[in-house]
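Residue numbers (the numbering used here), protein chains in the order written: chain L, 255 to 636; chain X, -10 to 615.
Think of the hints as simulated: they come from the structure by calculation, not from any bench. Hints may be right or wrong, so weigh each one.
[What the hints assert, rightly or not] What the simulated footprint calls covered on chain X by chain L, stretch by stretch (three residues with Cβ under 8 angstroms from a Cβ of chain L suffice, anywhere in the stretch; the number is not a length):
hint: 1; segment: 18 to 26
hint: 2; segment: 56 to 65
hint: 3; segment: 115 to 126
hint: 4; segment: 268 to 277
[Unchecked claim] To give a feel for the contact side, a few chain L residues facing chain X, derived at Cβ under 10 angstroms:
hint: 5; residue: Ser300
hint: 6; residue: Leu399
hint: 7; residue: Thr401
hint: 8; residue: Ile403
hint: 9; residue: Phe516
Ideal Cβ positions, reconstructed from N, Cα and C, are used throughout, including at glycine.
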Amino acid sequence: MAQITFNEPEPKLGGKIKSLPWFFILMVIAVGAIGGGALYSAANASFLPWAKPHLIRFGMSLLVMLAFAFVDIRVWFRLAYPAYALMLALLAGVEVAGKVGAFGAQRWINLGFVQIQPSELMKIALVMALARYFHARSSEDSQRLRTLIVPALMILAPTAFVLLQPNLGTAIMLMLAGAAMLLVGGAPMWLFGAVGAAGLAALPVVWRSMHGYQKRRVMTFLDPSVDPLGAGYHITQSRIALGSGGLFGKGFLRGTQSHLNFLPEKQTDFIFPLLAEEWGLWGGVAVLGLFALLSYYGIGIGLRSRNQFGRMLAIGLSVNLFLYVFINTAMVMGLIPVVGVPLPLISYGGTSMLAVMMGFGMLISVLLHRDIKISRRYPLGD
Amino acid sequence: MAVERGDMERYRTLTRRTLMLGGLQAGMISLLVGRMYYLQVVQSGRYKMLADDNRISMRLIAPSRGLIVDRAGLVVANNDQNFRALIVSEQTRDVERTLGVLSGIIQLSPSELERIRHDMARRRRFVPVTVRENLTWEQVSMIEVNAPDLPGVIIDVGEVRSYPLSDQAAHLVGYVGAVSESELSDDDPVLALPGFKMGKSGVEKTRDEDLRGTAGTSEMEVNAYGRTIRELSREAGERGRKVTLTIDTELQIAAHKRLLQERSAAAVIMDAQTGAVYALASAPGYDPNVFSKGIPSDLWKSLLDDETTPLINKAIGGQYPPGSTFKLVVALAGLETGAIGLDHSVTCNGTFQLGDHTFYCDAYKNGGHGTLNLTEGIARSCDVYFYDVGNRTGIDAIAKVANHLGLGARTGLDIPGEHGGTIPSTAWKKAHTGEPWYAGETISCAIGQGQVAATPLQIATMVARLASGGHAVVPHVTKDISGGEPIRGDWPKIDFKPEHVEAVLAGMRAATDHGTGKDLQIKEPGMQMAGKTGTAQVHAYTVAERDSGQIAKVDDALPWKLKNHAWFVGYAPQDNPRYVCAVLVEHSGKFGAQAAGPVARDLLLLTQQRDPARINVSAELPAKPA
Chain L
255 MAQITFNEPE PKLGGKIKSL PWFFILMVIA VGAIGGGALY SAANASFLPW AKPHLIRFGM
315 SLLVMLAFAF VDIRVWFRLA YPAYALMLAL LAGVEVAGKV GAFGAQRWIN LGFVQIQPSE
375 LMKIALVMAL ARYFHARSSE DSQRLRTLIV PALMILAPTA FVLLQPNLGT AIMLMLAGAA
435 MLLVGGAPMW LFGAVGAAGL AALPVVWRSM HGYQKRRVMT FLDPSVDPLG AGYHITQSRI
495 ALGSGGLFGK GFLRGTQSHL NFLPEKQTDF IFPLLAEEWG LWGGVAVLGL FALLSYYGIG
555 IGLRSRNQFG RMLAIGLSVN LFLYVFINTA MVMGLIPVVG VPLPLISYGG TSMLAVMMGF
615 GMLISVLLHR DIKISRRYPL GD
Chain X
-10 MAVERGDMER YRTLTRRTLM LGGLQAGMIS LLVGRMYYLQ VVQSGRYKML ADDNRISMRL
50 IAPSRGLIVD RAGLVVANND QNFRALIVSE QTRDVERTLG VLSGIIQLSP SELERIRHDM
110 ARRRRFVPVT VRENLTWEQV SMIEVNAPDL PGVIIDVGEV RSYPLSDQAA HLVGYVGAVS
170 ESELSDDDPV LALPGFKMGK SGVEKTRDED LRGTAGTSEM EVNAYGRTIR ELSREAGERG
230 RKVTLTIDTE LQIAAHKRLL QERSAAAVIM DAQTGAVYAL ASAPGYDPNV FSKGIPSDLW
290 KSLLDDETTP LINKAIGGQY PPGSTFKLVV ALAGLETGAI GLDHSVTCNG TFQLGDHTFY
350 CDAYKNGGHG TLNLTEGIAR SCDVYFYDVG NRTGIDAIAK VANHLGLGAR TGLDIPGEHG
410 GTIPSTAWKK AHTGEPWYAG ETISCAIGQG QVAATPLQIA TMVARLASGG HAVVPHVTKD
470 ISGGEPIRGD WPKIDFKPEH VEAVLAGMRA ATDHGTGKDL QIKEPGMQMA GKTGTAQVHA
530 YTVAERDSGQ IAKVDDALPW KLKNHAWFVG YAPQDNPRYV CAVLVEHSGK FGAQAAGPVA
590 RDLLLLTQQR DPARINVSAE LPAKPA
């Protein structure tokens, strides 16, 4: 860890470029490229309709990531609450728009040049807001339940909106990422046990408030054979794709489950089985390993930061990435119900990629500005 | 340390808890890897199988049906190419335009177009839809020539069964039809193939398993929508085996043509030594070619409603009182039981009195036949003679001999639809009506009336058994699968005294030489026949009708269904009995010698001229499975 000194000079752009984490960026590019390859295969050896847009979008997101990386961490600090407030407002807007929209799940806001899913961006905004909140709290403050009321509301408000959409996957991610932030922020340990117990007790209530299709997903998860051609079809075919891949896979472009269309949603949520079918256990584990490395690298960035905001922001974003990967792969393997979470940078879809790359940009920003000291009372004064 | 006051403590907390979090993540990753190991290594074999189940679709390839040939190797059931035009909607840019062009070639009716559009709407875009079946060669050529204007139109070649003999052997050869729900329980999966046909009647039915063959299989790779991507492997099936008939096509055609001169008739020509049937005809018939393509319901209804029952094989399924032909049985029974001797004679004055009931002879008007011995009794077919013999012999002894001669039970012919007829006995009557037998009933039965009923095939078999010197010949229309015909000199001998059988045969010779069939005798040297006429009453004449001598007039006035049946059964040549022919003219209203006799005579002459027993080509060329 770098020597901590007072009154360090402000980092210059040239120095920032020199100290860019090239290994980390290389890994990100590797994941994006794997995504391009998988989407090329998903379209039966064709760059259209998925691989080409994916790679173009990835290239542009890469630029966004770098741009975000060079932004001073204090700017992110100052933007934390406004960004959160904006996203909450957008989520509310989506919910209102959803009431008048034709579709049950109205998750998009059309900004003209790109369609944005506010819930994806909310995952970042929530981490930012919580990081800023805990930045201003002392260790003793964090132990007090009174202090935790505001962050709890900060987590629950977007979660509630997202659940109304309804988007179970994102709601779970927001809850878990928020819990991780509370944990590293120093909330008392017993609280997690208590909330966990309360959550279990509330399960029947949750069950009753769930949509029919969500209940079906859970039922199907518990026993996919109940409805092998209906709701259980996805998970059954996904397991077959994974299992038939074996140790070394069927080879690039030679997956039968995906190429013969038995695997549904193979370009989006179920892209991991496509990879594992063609590349086998080794390929699948390599992809998981790459994501794990990225997540641990991000956590490492957090531990190297000299300001609490940067630490928590980095850890929160890393946990977010990990949750994406875990929920997506666990659901395609049949470990948890199908909740609709994409595999970052590999699944086809614009918003999730943009959100994840923005997150990576902020992570790098934390790294580049790790030595900047931010007062607990910043920006109100030292 | 240059850390803000209080920051050190929360940094420590954060580091500690981040490590916990990192550990938790490591645990979750291990869970994922463990799960992958379980799916991709431990359970891999099972999932590979499931993936193959998904993508590999086994398709059965229908085998070619075996041919049916006659004893000379002439094909009587063939497989014709069935050219079908199909259309694949995804391969044609403009379906309506393509159908329009096609309609210019094969004239599609509005209802056909309706069905095609309906089928196309219901199926996936890559599934071919049938436009028209059974295209002619000219139509196929026209479609091929216009192929550039007909994108998506395919010509597909299937097989359709055809029967060159058409209605001339319809009942015998049979026909094929769609597999019914109940027949699906069979173990053979090929039956479930769409459009597969199986034997429904005749030889097509009895030998269906030989003719059917074994299905081939084709392993196809299919996608989730069922579209075939490619063929992975193919295993050829085995075409059905050839079945050889004992039938002689020329005789069969001649018999059928001859029968068509009557309104409704049946004929059997068989070998008295081997039991081989050379012709089995029932007229009118129907065209089985229509049946194998699917019967129009109005045609089916008209066939069902026809009182001449064209759908029934009357030669084996029609049961008629045998009339005087049954006197052969009664004569043999009388001799066998000892009720009469070889020299038994009876004086006929036109009537026979039993109790207070009077039974008449045909010679009643002319004052009777006078005194007759057994030979003349048969030759002149005197009813009184057989009233007397029957009365002496008793019904049970008659029934026993009748059964030995193949009456009263199915002969066991190797095609479906055979009936067993009826030979009454005291036990039979007790079982059927609960009533005791009356002696008067025996009198009616003695001349083949009353409850007695037999099929033309049974009457032919009866004479074959007599003419073969009392061997239990069983008729059959097919040879064994090798195409060879077992030489059946080894039919078991029935326990009749040879001189008794000879006495009956002498009566038959006398009948055609100078008796009831004297006008029928064949003139060609060495081909003379022996035979027995029969006229079976359907209507019981009243005494008034008999006394008025107006029987002929009464007959003419009767509705068709009540007119007499005419029988003739004979064998030839006289000195070396080989061929047996039985003819029944249903409700002819004439005497057997008038209506059935000439038919049988013509057929026996033709049979001897052709000598089908010598035709045996297929034995030298055994059927090989293709």
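Going through the hints against the structure:
1. 18 to 26: holds (count 7)
2. 56 to 65: With 0 residues in contact (Cβ-Cβ under 8 angstroms with chain L), the coverage given for the segment 56 to 65 of chain X is violated.
3. 115 to 126: With 0 residues closer than 8 angstroms to chain L, the segment 115 to 126 of chain X misses the three-residue bar; violated.
4. 268 to 277: With 0 residues in contact (Cβ-Cβ under 8 angstroms with chain L), the coverage given for the segment 268 to 277 of chain X is violated.
5. Ser300: violated, 16 angstroms
6. Leu399: Nearest chain X Cβ about 17 angstroms off; hint violated.
7. Thr401: With a closest approach of 12 angstroms, the threonine 401(L) hint is violated.
8. Ile403: violated, 19 angstroms
9. Phe516: Check passed: Cβ of phenylalanine 516(L) comes within 5 angstroms of chain X, closer than 10 angstroms.
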